[in-house]
Amino acid sequence: MIVENGREVVIRVRGLAKSFGSHQIWDGLSLDVYRGEILAIVGGSGQGKSVLMRVITGLVKPDSGDVGLFGQNAKTLSPQDRLDIERRWGILFQDGALFSSLTVLQNIQVPMREHLDLPQAMMDDLAFLKLSMVGLPPNAAHKFPSELSGGMRKRAGLARALALDPEIVFLDEPTAGLDPIGATDFDHLIRKLQQTLGLTVYMVTHDLDTIFTVCDRVAVLADKMIVRTGSPAELQRHPNHPWIKEYFCGERARAATPGERPRIPA
Amino acid sequence: MLKRDHQVVLPTQARAPGFRVELKGTAFRLVATGAWTVAEAAQLDMALKRLRVPIPPTPDFTGEMDIAGIAEIDTAGAMLLQRTAASWEKSGLRTRYAGATEAFRILIEEVQRRGHAERPQRETRKPLQSFTEDMTKALTGVWSDAVQLTAFLGEVTSALGRMVRQPWRFRTTSFIHHLDHAGFRAVPIIALICFLIGAVVMQQGVVQLKPFGAEPFAVNMVAILALREVGILLTAIMVAGRSGSAFTAEIGSMKMREEIDAMRTLGIDPMDTLVLPRILALVVALPLLTFIGDLMGLAGGGLMAFAVLGLDASNYIDKLRDVVDFQHFMAGMIKAPFAAVIIGLVGCLEGLKVEGSAESLGTHVTSAVVKAIFLVIILDAVFAMFLSGIGV
Numbered sequence: 001m002i003v004e005n006g007r008e009v010v011i012r013v014r015g016l017a018k019s020f021g022s023h024q025i026w027d028g029l030s031l032d033v034y035r036g037e038i039l040a041i042v043g044g045s046g047q048g049k050s051v052l053m054r055v056i057t058g059l060v061k062p063d064s065g066d067v068g069l070f071g072q073n074a075k076t077l078s079p080q081d082r083l084d085i086e087r088r089w090g091i092l093f094q095d096g097a098l099f100s101s102l103t104v105l106q107n108i109q110v111p112m113r114e115h116l117d118l119p120q121a122m123m124d125d126l127a128f129l130k131l132s133m134v135g136l137p138p139n140a141a142h143k144f145p146s147e148l149s150g151g152m153r154k155r156a157g158l159a160r161a162l163a164l165d166p167e168i169v170f171l172d173e174p175t176a177g178l179d180p181i182g183a184t185d186f187d188h189l190i191r192k193l194q195q196t197l198g199l200t201v202y203m204v205t206h207d208l209d210t211i212f213t214v215c216d217r218v219a220v221l222a223d224k225m226i227v228r229t230g231s232p233a234e235l236q237r238h239p240n241h242p243w244i245k246e247y248f249c250g251e252r253a254r255a256a257t258p259g260e261r262p263r264i265p266a
Numbered sequence: 001m002l003k004r005d006h007q008v009v010l011p012t013q014a015r016a017p018g019f020r021v022e023l024k025g026t027a028f029r030l031v032a033t034g035a036w037t038v039a040e041a042a043q044l045d046m047a048l049k050r051l052r053v054p055i056p057p058t059p060d061f062t063g064e065m066d067i068a069g070i071a072e073i074d075t076a077g078a079m080l081l082q083r084t085a086a087s088w089e090k091s092g093l094r095t096r097y098a099g100a101t102e103a104f105r106i107l108i109e110e111v112q113r114r115g116h117a118e119r120p121q122r123e124t125r126k127p128l129q130s131f132t133e134d135m136t137k138a139l140t141g142v143w144s145d146a147v148q149l150t151a152f153l154g155e156v157t158s159a160l161g162r163m164v165r166q167p168w169r170f171r172t173t174s175f176i177h178h179l180d181h182a183g184f185r186a187v188p189i190i191a192l193i194c195f196l197i198g199a200v201v202m203q204q205g206v207v208q209l210k211p212f213g214a215e216p217f218a219v220n221m222v223a224i225l226a227l228r229e230v231g232i233l234l235t236a237i238m239v240a241g242r243s244g245s246a247f248t249a250e251i252g253s254m255k256m257r258e259e260i261d262a263m264r265t266l267g268i269d270p271m272d273t274l275v276l277p278r279i280l281a282l283v284v285a286l287p288l289l290t291f292i293g294d295l296m297g298l299a300g301g302g303l304m305a306f307a308v309l310g311l312d313a314s315n316y317i318d319k320l321r322d323v324v325d326f327q328h329f330m331a332g333m334i335k336a337p338f339a340a341v342i343i344g345l346v347g348c349l350e351g352l353k354v355e356g357s358a359e360s361l362g363t364h365v366t367s368a369v370v371k372a373i374f375l376v377i378i379l380d381a382v383f384a385m386f387l388s389g390i391g392v
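Chains A and B, in that order, are what the protein sequence lines are. Note that the working numbering has the first sequence beginning at 1, numbered continuously upward. Note that the working numbering has the second sequence beginning at 1, numbered continuously upward.
Incorrect hints may appear among the rest.
As the list claims (entries may be wrong) - Below are the DSSO-like pairs computed for lysine-lysine, each with C-alpha atoms no more than 30 Å apart in a straight line:
| id | chain 1 | residue 1 | chain 2 | residue 2 |
| --- | --- | --- | --- | --- |
| 1 | B | K319 | B | K210 |
| 2 | A | K143 | B | K210 |
| 3 | B | K353 | A | K143 |
| 4 | B | K137 | A | K143 |
Since the hints were derived computationally from the structure, they do not count as laboratory data. These numbers were taken from a predicted model, which means no experiment stands behind them.
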């Protein structure tokens with residue numbers, strides 16, 4: 001276990017480099033994720049925010065550099081250890097990535113079926129509990145993903161990500177495509193779940209409202225690396241970087257600052 | 001998963017979950033220890049189900065869930081505790097929790113609050129009912145398909161009429177593009193398949209006719225079969241699979257991304273730009289491909305005739321000249337433009353029927369190929385009856 005400043009580092013990324021063809025997206029990217037925080041990754045388009053999430057979760061291989069997961073180096077993990085670690089996180093993809101041939105309830109039960117040997121009644125109990133925790137009505141349980149709205153699909157995807165009570169959840173643009181009311185609800189949901197389940201939340205987002213209302217820390221991807229990390233307020237006060245300045249001190253950012261709207265209490 | 005103390009890594013034996021029930025004064029206590037997490041839930045579930053619910057002898061007995069010994073808990077563990085507590089409450093014990101940390105308490109209360117939602121049953125249809133329903137749907141589907149296809153044929157015809165009157169509406173580039181894709185690029189595969197089938201039919205014909213001493217007639221069989229049926233059928237089926245599906249996929253994905261709506265709002269008629277060039281290109285390409293298919297079928301037959309009958313090329317061609325009539329060639333050829341219209345219509349119509357999702361695209365591509373091949377075979381049968389009826 002890596003402890004820094006009295007907090008456990010659950011993910012440690014060091015010196016990551018990645019190119020697609022001749023286009024290099026990062027060169028020497030480093031990042032720490034602490035237990036129990038809600039971390040937002042922001043950055044302009046094409047900076048590889050989603051790719052970074054994919055590298056950490058092992059879906060994409062980096063060209064060089066190290067990813068440490070719960071204190072273990074991802075490169076040297078045996079397949080079994082890798083599987084054990086994958087059980088400790090859940091991922092919400094942009095549009096939920098629910099399996100279209102399964103109902104919502106069956107979707108939530110997929111990880112339980114794959115990894116554990118639970119009786120059906122218990123899986124039903126758990127799945128209905130998760131469904132309720134992400135704010136879906138019980139009658140959504142037997143619907144197919146195609147019968148759900150975008151917001152409901154995201155919630156169902158989140159319920160599946162939470163199926164095995166992970167320690168970390170990765171959220172890829174959780175509020176993209178939601179209307180402002182739906183997005184605000186989702187922000188509250190993330191904060192609530194983070195508190196109840198003691199989650200570490202790693203999210204890729206553009207949404208300034210989300211950043212200012214729920215995120216503890218923001219990491220900014222620019223110039224092929226994480227140029228700064230800090231609380232949203234800190235970054236707004238001292239941007240020290242042209243992109244951060246534009247992002248956190250632009251018109252939209254001013255409209256989203258906590259002065260205008262109460263921060264969801266931690 | 002919530003841990004009592006994150007800085008401590010538990011040794012394996014301390015993770016083993018467990019519980020015991022004891023009576024202390026007037027309180028039944030469930031003393032839980034270890035890790036109550038989803039990984040251990042199956043085992044805990046079984047043990048807790050075997051546990052008998054204590055029956056309070058007098059109403060002042062209470063229940064207590066002592067979770068001070070629990071090192072890790074998650075929703076599964078909290079749910080199991082909650083289920084037990086609820087069953088104790090039901091038997092008349094007022095049950096409370098003891099030894100919970102703040103984080104544990106929040107989780108347990110959340111699970112408590114969420115646990116009562118009603119559970120809708122999944123609707124299941126009776127087998128007989130579902131059979132009749134599916135049957136009805138299939139039959140009405142056939143009818144509505146026929147209606148839609150006829151209506152679409154009408155639309156295409158009127159669009160064609162409009163184009164004849166206003167020739168500048170004709171999209172030459174698009175027409176040439178589809179001619180290239182559906183016609184020219186299909187040549188190698190169609191040539192190869194017709195060649196092989198011609199060879200196979202010749203070889204089998206010789207084997208089957210040999211006992212009757214009639215093996216030279218295998219050439220007659222192959223020649224007539226290739227020209228009348230095999231050439232056109234194989235070509236049409238290949239084109240339905242290759243180009244019919246491509247039409248559906250192309251138009252369908254444009255429909256999915258609202259490109260077709262955008263066209264309409266810009267005053268562009270998708271009939272002119274998408275449907276007509278494709279269908280016309282097929283009407284031109286399919287007879288040409290059929291011609292190539294016919295030749296290759298005869299060539300394949302010729303190779304096999306050389307191999308098993310010892311006929312050389314000039315003998316084979318002489319024999320063909322005796323057997324084959326222009327009628328036979330035309331009987332196959334005449335079907336090609338009709339097959340082309342069917343494949344084009346079905347492909348484009350299915351494409352236009354695609355709705356928003358990728359699944360819908362997949363279903364329509366599949367059904368375009370299936371319907372096109374089915375209709376081509378029906379067409380072939382109708383022509384066979386008609387042509388033999390008029391004595392060709």
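Pair hint outcome, K319/B versus K210/B [Cα-Cα no greater than 30 Å]:
holds, 18 Å
30 Å limit on alpha-carbon distance, applied to hinted pair K353/B and K143/A
holds, 24 Å
Below or equal to 30 Å on CA atoms is what counts here, so check K137/B against K143/A.
Within the cut-off at roughly 21 Å; holds.
Do the alpha carbons of K143/A and K210/B lie within 30 Å of each other, as the hint requires?
violated, 63 Å
Hint 2 alone, counting from the list given before, is not met by this structure.
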